[in-house]
Amino acid sequence: MEDLKHKKILIVDDEHEIRNMIDGFLRKEGFTRVYHAGNCQEAIAICLADKPAIAILDIMLPDGDGFTLLSSIRRFSQMPILFLSARGEDEHRLLGLGLGADDYMVKPFLPRELVLRLLVILRRVYAPPRHEPQPIFKLGEHTVDLEGAVVQCRAGEQPLTAKEHALLTKLYENRGRIVTSDALCQSVWGDDYYGYENTLMVHIRRIREKIETTPSSPEHLLTVRGLGYKLIMKEE
Amino acid sequence: MDGAVRILRRFVGSTMIISVFLLVLNLITLGTWVLKGMNDGPSPNSITQGITKNLHLDNESYYLDAEAEKLLQQNDAWAMLLNNNGIVKWSYVLPDELPRFYSLTDVAKFSRNYLLDYPVYVWEHGDGLVVIGFPKDSVGKYQFGFPVKWIRDIPFRSFALVIGNIALALLLSLLIGSRLIKSITPLIRGIHALAEEQSAHVEPKGVLSSLATSINHTSALLQQQNVALKARDEARSNWISGIFHDIRTPLSMVLGYASELEESEVVPLEQQQKASIIRQQGEKLRSLISDLNLVSMLEYEMQPLNTKIIRLSALARHVAADFLNNGLDERFSLELDFTNEHLKVNGDEKLLLRAITNLIQNSITHNEIGCQILLQTIAFPNKKVCHFIVSDNGKGVPSSELPDLLELPYSSTRKHPIHNGHGLGLPMVARIVKAHHGQLTLKSDTGRGMKATIEFPTVEVSV
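Heads up: the protein sequence lines correspond to chains A and B, in order.
Residue numbering for the first sequence follows full-length UniProt numbering, starting at 1 and increasing by one per position.
Residue numbering for the second sequence follows full-length UniProt numbering, starting at 1 and increasing by one per position.
Hints listed in this document are in silico derivations from the structure and should not be mistaken for laboratory results.
Because the structure is a prediction, the values reported are computed rather than measured.
Some clues are possibly wrong.
[Claimed, not checked] Heads up, simulated DSS-like pairs for lysine-lysine below, C-alpha to C-alpha not over 27 angstroms straight-line:
{"id": "1", "chain 1": "B", "residue 1": "350", "chain 2": "A", "residue 2": "170"}
{"id": "2", "chain 1": "B", "residue 1": "308", "chain 2": "A", "residue 2": "170"}
{"id": "3", "chain 1": "B", "residue 1": "384", "chain 2": "A", "residue 2": "28"}
{"id": "4", "chain 1": "B", "residue 1": "109", "chain 2": "B", "residue 2": "89"}
{"id": "5", "chain 1": "A", "residue 1": "230", "chain 2": "B", "residue 2": "350"}
{"id": "6", "chain 1": "A", "residue 1": "234", "chain 2": "A", "residue 2": "163"}
{"id": "7", "chain 1": "A", "residue 1": "170", "chain 2": "A", "residue 2": "138"}
{"id": "8", "chain 1": "B", "residue 1": "350", "chain 2": "B", "residue 2": "434"}
{"id": "9", "chain 1": "B", "residue 1": "109", "chain 2": "B", "residue 2": "141"}
{"id": "10", "chain 1": "A", "residue 1": "51", "chain 2": "A", "residue 2": "7"}
{"id": "11", "chain 1": "B", "residue 1": "36", "chain 2": "B", "residue 2": "141"}
{"id": "12", "chain 1": "B", "residue 1": "182", "chain 2": "B", "residue 2": "109"}
[To be verified] Residues from chain B that face chain A, not an exhaustive set, calculated with beta carbons under 7 angstroms:
{"id": "13", "residue": "248"}
{"id": "14", "residue": "251"}
{"id": "15", "residue": "252"}
{"id": "16", "residue": "255"}
{"id": "17", "residue": "259"}
{"id": "18", "residue": "264"}
{"id": "19", "residue": "268"}
{"id": "20", "residue": "269"}
{"id": "21", "residue": "280"}
{"id": "22", "residue": "314"}
{"id": "23", "residue": "324"}
{"id": "24", "residue": "327"}
{"id": "25", "residue": "333"}
{"id": "26", "residue": "336"}
[To be verified] Derived CB-CB ranges, DEER-like:
{"id": "27", "chain 1": "A", "residue 1": "76", "chain 2": "B", "residue 2": "384", "range": "37 to 45 angstroms"}
{"id": "28", "chain 1": "B", "residue 1": "339", "chain 2": "A", "residue 2": "99", "range": "20 to 28 angstroms"}
{"id": "29", "chain 1": "B", "residue 1": "384", "chain 2": "A", "residue 2": "159", "range": "48 to 56 angstroms"}
{"id": "30", "chain 1": "A", "residue 1": "215", "chain 2": "B", "residue 2": "384", "range": "41 to 49 angstroms"}
Each residue gets a CB set at the ideal place from its N, CA and C atoms; glycine is no exception.
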């Protein structure tokens, strides 16, 4: 983690106040090597000389636009790029991401969001791939182990099928919130999910049999009439 | 092309009516004008009959009634009675040049034609033959003789004649009409193209060349105006997004430094709270700017749509779940009612979510005491449209103010000031719906709640 904060970061923006502000945030977050460029020419020179680990690009620059700059950088480097633009139109976002940018943010932005997104990219590109263990959580007397795909209770262990696992994962990610039946079906059967509503009900019933003490009056996996389902975790 | 066929049909129809009308008119004229004078006064035959009836034998001499005599005088006619031997037994103003005796051959000759150029008529009398002579050159006598078969065929022939006339008229009018249509068709196509705002060019030739030139001119003018309008819209839209661009950069700094101060540990709590207010207001400003930008892009039809097939019921559930997950106040209830789960539209999911969210938010914002909000979909398969309805049972809006709600705030067409909120919500919905080729209708009155109906064209998808 500390390694990431020693990576070189290049900020390209024609407004030096913005550059200074971002610089301040980054240094406060512990980044030490921050470079500035006010136009495309400077940016390319720094990229060639200092080989930054990541670049934050504005789109409107005095001697060109960020998209062209991205293409020029791509000619010699595959370093990650984050666009920070004052133009929020969807087509620009799509164009930026389509050209191979790693992320696209719109001004005005909250500094915390920028730092978080930057770290996500840095971690993905530079940190060695780590295996993120899937969570284990308790629902009353039952313990759901998504990593092992089993539900444990006093009576013993019950395995989860692949579909049940996918549904529980989706519900757990949105715990305490309503997940529409459409979103649940989509997470299991993909975009072409229409017609699986009844199948979904069957799967939900099977999950309840595994995680609820009395499946007929569920306490954790609740039905929200007409909308979908909700996973309640009392401990949290 | 439909128009041309209709014109042709109308043309042929009126030609037929004109020809039938002329035919009838001719028959009537024939009867009343041409044949008038053919039978002026009593006919020679009836005069002859009358004389014969009124010629009496009295005391060995013949005697004519006064009335019959008057009739003869009126017609300048003479009369004689021949007995069975051809001798004149009685006469009235008989010209001297006429003989007083006639052989059988003479009688046969004059009964058919003339007696010394006098047109004569005969009638059988008890004592012989009455002969009436009219002045020379007053009556033409003709003998007609027709084969019976020919006379029997006359009805058929006249019928065939009428049919032939009609067929000929039809053929001629079709021929002339289609030639006319052929020259009109490019013009019609040109005008249709104008109506659809496409460029039209018609080769000017023939009698209608001046019309063609006019169409070409109009087309050129329209194209020019369209280009100018588009350029102006584009300039305005670019100007607006340019302003937003220029606002965003300073706002970034405000938001950035405010949130830094808010989180800073060295800043006293009171100042942190003030910084938090600056940050919150900055975020409000940010969302207002992006709303304004979206509305202006939609207004100038420059908002790109990332369309895909969307199920309306899934869309509604998505919005409803979002509202519930974000802590919908207990004063409000959300209900969903879908008659048809299959209803699909082709649209931009983000924009449609935004539109429905705005409608629900509207009901929430304007009913502080709470209300029930109902989301419905209704299909109209025959019209290939479906309705998405967001309705509430809240306090409603006077119906006179409804049209205003869809206008942009501060625009000249809006008569009433904005009550609360920034007034962009409903105009944005109306413009999103319009971009989806739909229509937004508001129905409300004071105390009657609000009903917003979005009409979408449905997508035919085989499930």
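Each hint, compared with the structure:
1. B/350 / A/170: holds, 21 angstroms
2. B/308 / A/170: holds, 24 angstroms
3. B/384 / A/28: violated, 59 angstroms
4. B/109 / B/89: holds, 20 angstroms
5. A/230 / B/350: Status holds; Cα separation ~24 angstroms.
6. A/234 / A/163: Holds - the C-alpha atoms of residue 163 of chain A and residue 234 of chain A are around 24 angstroms apart, at most 27 angstroms.
7. A/170 / A/138: Cα-Cα ~16 angstroms, so holds.
8. B/350 / B/434: Holds: residue 350 of chain B and residue 434 of chain B sit about 15 angstroms apart, inside 27 angstroms.
9. B/109 / B/141: holds, 13 angstroms
10. A/51 / A/7: holds, 10 angstroms
11. B/36 / B/141: holds, 18 angstroms
12. B/182 / B/109: violated, 67 angstroms
13. 248: OK, holds: residue 248 of chain B within 7 angstroms of chain A, min 4 angstroms.
14. 251: holds, 4 angstroms
15. 252: This interface hint holds because 4 angstroms falls under the 7 angstroms limit.
16. 255: Because about 5 angstroms separates residue 255 of chain B from the closest Cβ in chain A, which is inside the 7 angstroms limit, the hint holds.
17. 259: With a minimum Cβ separation of about 5 angstroms from chain A (threshold 7 angstroms), the hint on residue 259 of chain B holds.
18. 264: Violated, about 9 angstroms.
19. 268: violated, 19 angstroms
20. 269: violated, 20 angstroms
21. 280: violated, 11 angstroms
22. 314: holds, 4 angstroms
23. 324: holds, 5 angstroms
24. 327: Violated - the Cβ of residue 327 of chain B stays beyond 7 angstroms from chain A, reaching only about 10 angstroms at its closest.
25. 333: violated, 12 angstroms
26. 336: OK, holds: residue 336 of chain B within 7 angstroms of chain A, min 5 angstroms.
27. A/76 / B/384: 37 to 45 angstroms: violated, 55 angstroms
28. B/339 / A/99: 20 to 28 angstroms: violated, 45 angstroms
29. B/384 / A/159: 48 to 56 angstroms: The hinted range 48 to 56 angstroms holds for residue 384 of chain B and residue 159 of chain A, with Cβ atoms some 49 angstroms apart.
30. A/215 / B/384: 41 to 49 angstroms: holds, 45 angstroms
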